[in-house]
Amino acid sequence: IAGITQAPTSQILAAGRRMTLRCTQDMRHNAMYWYRQDLGLGLRLIHYSNTAGTTGKGEVPDGYSVSRANTDDFPLTLASAVPSQTSVYFCASSYTSDTEAFFGQGTRLTVV
Amino acid sequence: RKEVEQDPGPFNVPEGATVAFNCTYSNSASQSFFWYRQDCRKEPKLLMSVYSSGNEDGRFTAQLNRASQYISLLIRDSKLSDSATYLCVVLGGRRALTFGSGTRLQVQP
Chain G
1 IAGITQAPTS QILAAGRRMT LRCTQDMRHN AMYWYRQDLG LGLRLIHYSN TAGTTGKGEV
61 PDGYSVSRAN TDDFPLTLAS AVPSQTSVYF CASSYTSDTE AFFGQGTRLT VV
Chain U
1 RKEVEQDPGP FNVPEGATVA FNCTYSNSAS QSFFWYRQDC RKEPKLLMSV YSSGNEDGRF
61 TAQLNRASQY ISLLIRDSKL SDSATYLCVV LGGRRALTFG SGTRLQVQP
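Read top to bottom, the protein sequences are chains G and U.
Mapping to my numbering: the first sequence position 5 is 5, numbers consecutive.
Mapping to my numbering: the second sequence position 108 is 108, numbers consecutive.
Calculated pairs, EDC-like style, for lysine to aspartate or glutamate (alpha carbon to alpha carbon, straight line, at most 16 Å):
1. U/Lys2 <-> G/Glu59
2. U/Lys45 <-> G/Glu100
3. U/Lys42 <-> G/Asp38
Treat the hints as calculated values from the structure; they're not laboratory data.
With the sequences and hints as input, model every part of the structure.
Structure representation (structure tokens):
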């Protein structure tokens, strides 16, 4: 079934550890995004990529990095996790940067 | 000022009621607008795009007012299954979708 897949679905991580959240889509979408969702704050854009080989910073990029080596994959890395990065992380993709986006099922990350 | 603002609710309505949500956006150059629905602890899912002339999909009607920079969603004949959080989404300044914080709807029997 075509779609967008995130891994892991949940994770408990010790502060200071490095973690990569994986995101893969098979819809050949050009644009991909990472959002975090916190209670009362809604979805906030962390990083985005409008096409393979390019990335850009969103609203809350500090402490996160991304890469877009190919069309399908858009991993999000926390170099040294902190408790304030406890959140639900959603990856999304869209055919172009101005069309509707489709979301993965989310990764629930707890940093302790 | 937030790029996209919504009343968080909750809106508590009886089954069969008509309910409307508004959303305002700050970037006058925005070109794409959407309503998403999010159920508790699940990913957001596209409900409908919003077109300049307004559009309807069954019981749902979306409208755009560019002059006042707001979009609306009208739900007629509310069902219990409509209970969810409705997210207003605008293509923002970074050429990525910017989400409002959402409006929670609870339809009661």
